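Asker: Model the full assembly from the supplied sequences, consistent with the hints where possible.
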Amino acid sequence: MVGEIRVEGVVKRFPQQDAEDVVALSGINLTIKAGEFVSLIGPSGCGKSTLLRLIAGLNGADEGKLYIDNEEISRPSYERGLVFQNPMLFPWLNVHDNVAFGLKARSIYKEKKDEVNKFVDLVGLASFHKSYPHQLSGGMAQRASLARALVNHPKVLLLDEPLGALDAFTRMNMQDELIRIWQERQTTMIMVTHDVDEAIYLSDRVIVMTPRPAKIESCIEVKLARPRARSNPEFLNLRSKILKILNFAGDEKEPNYYL
Amino acid sequence: MKKLIIWLPVISAILAIAVEVLMQNGGKHITTKQPYLVYLLIGFLVIFTILTIMSYFNAKVKAWLKERDLFIAVAILFLNVLNIVTKKLALLPVIYFPSIDKIVSVIVEDREFLALCLASSGKLLFTGYFFGAIAGFATGIAVGFSKGAGYWINPLIRTLGPIPSTAWIPIVLISFPTTFSASAFLIALAVWFPTTVMTSSGILNVQNAYFEVSSTLGAGKYYQIFKVGVPASMPHMFIGLFNGTCASFITLMTAEMLGVKNGIGWYINWQKEMMAYANVYAGLIIIAVTFSILITLLFKVRDYVLVWQKGVIKW
Numbered sequence: 033m034v035g036e037i038r039v040e041g042v043v044k045r046f047p048q049q050d051a052e053d054v055v056a057l058s059g060i061n062l063t064i065k066a067g068e069f070v071s072l073i074g075p076s077g078c079g080k081s082t083l084l085r086l087i088a089g090l091n092g093a094d095e096g097k098l099y100i101d102n103e104e105i106s107r108p109s110y111e112r113g114l115v116f117q118n119p120m121l122f123p124w125l126n127v128h129d130n131v132a133f134g135l136k137a138r139s140i141y142k143e144k145k146d147e148v149n150k151f152v153d154l155v156g157l158a159s160f161h162k163s164y165p166h167q168l169s170g171g172m173a174q175r176a177s178l179a180r181a182l183v184n185h186p187k188v189l190l191l192d193e194p195l196g197a198l199d200a201f202t203r204m205n206m207q208d209e210l211i212r213i214w215q216e217r218q219t220t221m222i223m224v225t226h227d228v229d230e231a232i233y234l235s236d237r238v239i240v241m242t243p244r245p246a247k248i249e250s251c252i253e254v255k256l257a258r259p260r261a262r263s264n265p266e267f268l269n270l271r272s273k274i275l276k277i278l279n280f281a282g283d284e285k286e287p288n289y290y291l
Numbered sequence: 016m017k018k019l020i021i022w023l024p025v026i027s028a029i030l031a032i033a034v035e036v037l038m039q040n041g042g043k044h045i046t047t048k049q050p051y052l053v054y055l056l057i058g059f060l061v062i063f064t065i066l067t068i069m070s071y072f073n074a075k076v077k078a079w080l081k082e083r084d085l086f087i088a089v090a091i092l093f094l095n096v097l098n099i100v101t102k103k104l105a106l107l108p109v110i111y112f113p114s115i116d117k118i119v120s121v122i123v124e125d126r127e128f129l130a131l132c133l134a135s136s137g138k139l140l141f142t143g144y145f146f147g148a149i150a151g152f153a154t155g156i157a158v159g160f161s162k163g164a165g166y167w168i169n170p171l172i173r174t175l176g177p178i179p180s181t182a183w184i185p186i187v188l189i190s191f192p193t194t195f196s197a198s199a200f201l202i203a204l205a206v207w208f209p210t211t212v213m214t215s216s217g218i219l220n221v222q223n224a225y226f227e228v229s230s231t232l233g234a235g236k237y238y239q240i241f242k243v244g245v246p247a248s249m250p251h252m253f254i255g256l257f258n259g260t261c262a263s264f265i266t267l268m269t270a271e272m273l274g275v276k277n278g279i280g281w282y283i284n285w286q287k288e289m290m291a292y293a294n295v296y297a298g299l300i301i302i303a304v305t306f307s308i309l310i311t312l313l314f315k316v317r318d319y320v321l322v323w324q325k326g327v328i329k330w
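Read top to bottom, the protein sequences are chains A and B.
My numbering puts the first sequence at residues 33 to 291.
My numbering puts the second sequence at residues 16 to 330.
No lab work stands behind these hints, which were simulated from the structure alone.
Note that the structure is a prediction, hence the values are computed from the model and not measured.
In this text, a Cβ means the ideal position worked out from N, Cα and C, and glycines have one as well.
If a hint is listed, it holds; no wrong ones were tucked in.
Simulated crosslink set (DSS-like; lysine-lysine; CA at most 27 Å straight-line):
no.	chain 1	residue 1	chain 2	residue 2
1	B	Lys-242	A	Lys-144
2	B	Lys-236	A	Lys-136
3	A	Lys-162	A	Lys-142
4	B	Lys-236	A	Lys-142
5	B	Lys-236	A	Lys-97
6	B	Lys-242	A	Lys-145
7	B	Lys-242	A	Lys-142
8	B	Lys-236	A	Lys-144
Between beta-carbon pairs, the in silico distance windows are:
no.	chain 1	residue 1	chain 2	residue 2	range
9	B	Val-61	A	Ala-158	49 to 59 Å
10	A	Pro-75	B	Ala-164	35 to 45 Å
11	A	Pro-75	B	Gly-235	35 to 45 Å
Answerer: Below you can see the structure in the form of structure tokens.
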């Protein structure tokens, strides 16, 4: 198994003009096992997207180091695929060419042509090979961008709120799709989300982060067999546990009463 | 009454023929070898009669005609009025406002020489345009992607760019070996500036996330430049090319009127000096038609290249 991520004492600051630096991450230590599905959850400003960008290699850490399979991360690589909330498909390429982009960039498209078809079919866009992004719905575009990352056979797939812009039904469909792809491919998945239910439904482990200072508050193992039911008592238990941690980190609230 | 509107172009053409044939000529307009205006109007009459009759059976023709029947009728009426004002009543100075008959006769009888002029203008225009556009893309891409290139080239673009390239004529005409190369250079300069500015601003406006995504897909620096930056800024580049095309027409005409010894601009200037205003109008008509066709072609190319995008400028 490959795709183990290790984060050691990572600090990230964003310098500000006329103000103190914003500390986006303060001393993060985290190990993600190969093949694990992990969610990063927390309020805005807790640094979860920053952590994801550091793992992707898009930004460098100010202190500390990040490793993939004991190799230091210094720049972006196709081994760590990234899917944004906005699908970010290249609008000038059709679905097929968007998915083929990574293979062409690495000049291995000729040998692996069939892979493109396979992954476009895998995400259910078989009849949309020639469609341009502006002709796709939000869910379809997000599937295409998933296929575009997967076709490279990344060791780790980084998902930055990938389902955040979708409606509730498409979202639940896509969650099942993600699980299916994950089970089939055994890729390590690291997902940033705002949705507690989504995090519990998908992950082996939910990492709860809190802002000011941005750090990991707790790691919660989700020991529920798949497929999971959102109404399972243990599911609801975990849900209230995480919500409690998040509320505790934020403002204290009065409980709700039934009248 | 409404049903008759579709016949208006035909009626307008009949009216124009009637005026041309029946009305007395006034003033001292030069008579032409053949009644060209009558030929032209009969041509219109035949075409629009056929189209109007077809429109009763063919929905496509009907839709096409319905959209522009009034415009065509008024356009023919305008020719008619012009004919009355010039040839029939001679209300305008005869030497500066020749009859339509005379203008058409120049286009027909002088067609070989006009074609030669057009060809030499075309050669000059395309040579200049080609090098200007290539240089514009190259500079724009360099400035858009490299801070170092921007540092050295931007001041050059800002100072040289806004100078109309025709202002260089006195210097350029003496520093180049031939007037052809001098004029081609001026046209290239005129195309270069807008193409450079729009290309670099297009590249600078590409969302950074596209570059980030491509880097996580395994794209190297040059792959990112040519497969992400360039296609993403294509819409801007075409605006630059469009502005460059307009600037190149201006420069071409000015260069030909001032220095080059052939071409359609030179033809107009030469005929003006000979007080042959019918030939001047003939030249202008040919320029209008040719340039309009060229810009239409540019937009066709753009529509083909930018199928993934909805229109930016309508033509």
